[in-house]
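Work out the full structure, taking the sequences as your base and the hints as a guide.
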Amino acid sequence: MFHWLEQRPFFFAVFVFIFVAFAGIVEALPDFAKQSRPTVGTKPYTVLELAGRNVYIKDSCNACHSQLIRPFKSETDRYGMYSLSGEYAYDRPFLWGSKRTGPDLHRIGNYRTTDWHENHMLDPQSVVPGSIMPSYKHMFKNIADLDSAYAEALTVKKVFNTPYDQDLNGDGKIDVKLGDYKSAIANANEQAKAIAADMKNQNVKDAVANGKVPEIVALIAYLNSLK
505 MFHWLEQRPF
515 FFAVFVFIFV
525 AFAGIVEALP
535 DFAKQSRPTV
545 GTKPYTVLEL
555 AGRNVYIKDS
565 CNACHSQLIR
575 PFKSETDRYG
585 MYSLSGEYAY
595 DRPFLWGSKR
605 TGPDLHRIGN
615 YRTTDWHENH
625 MLDPQSVVPG
635 SIMPSYKHMF
645 KNIADLDSAY
655 AEALTVKKVF
665 NTPYDQDLNG
675 DGKIDVKLGD
685 YKSAIANANE
695 QAKAIAADMK
705 NQNVKDAVAN
715 GKVPEIVALI
725 AYLNSLK
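Per the numbering used here, residue 505 is the first one in the sequence shown, and the count goes up by one each step.
Keep in mind that the hints were calculated from the coordinates and are not lab data.
When the alpha-carbon atoms are kept at most 25 Å apart in a straight line, the in silico BS3-like pairs for lysine-lysine are as follows:
hint, residue 1, residue 2
1, Lys562, Lys661
2, Lys562, Lys645
3, Lys697, Lys547
4, Lys686, Lys645
5, Lys677, Lys731
6, Lys709, Lys697
7, Lys681, Lys731
8, Lys731, Lys704
Per label pair, the in silico range of CB-to-CB distance:
hint, residue 1, residue 2, range
9, Phe514, Glu579, 43 to 51 Å
10, Gly674, Ala713, 33 to 41 Å
11, Lys562, Phe514, 47 to 55 Å
12, Asp581, Thr617, 20 to 28 Å
13, Phe664, Asp684, 17 to 25 Å
14, Phe598, Asp669, 18 to 26 Å
15, Met585, Asp679, 20 to 28 Å
16, Gly545, Ala690, 22 to 30 Å
17, Val518, Asn646, 52 to 60 Å
18, Val518, Asp651, 48 to 56 Å
Think of the CB as a built atom: it goes at the ideal place given N, C-alpha and C, for glycine as much as any other residue.
Okay, structure coming up:
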């Protein structure tokens, strides 16, 4: 058989391709599946964080900021531990990005505070002199869409078996509560109050106290979750 193949280069090339491809699949797929599983500590987004993520996408923050730290010293020195595939297990869609007009944000929750984000989104140049980032003052007035965020969370729970209302750490406590619509919105409002307490803008504080969540609060909840 091999002598026959050696006399026919085309069939020999096809045979080698199939053999190498099969070997690659056998070796690569199991490891790929293993690496794409959620890493320890990775949790689904809360309803408020999902609402903030939707604001992040709506206002095209991902056009100027990546969320993918590459395994190079120059990147890990600046941004922290390089990104692992399992950390994106609950991201739909992925926000890796391909351009960095601004810094990478994958671990921004480790080194920026709620107060910093508030000032930065209101007046970027006052926080980072020379920044070309525009002001996002509308986020302080627009109200976040918690209804759509809840619908998204419920959908991924049912369709993709995203582990809401489960004990992921084995400590007997539910890690990320979803529940029914009423309780989910109540939990989002409680999380919003905790964030607003660290903010200075009185209009935002008043809105949250009245049961409304400005987009800036939801966005900060999302950015604080990136660690």
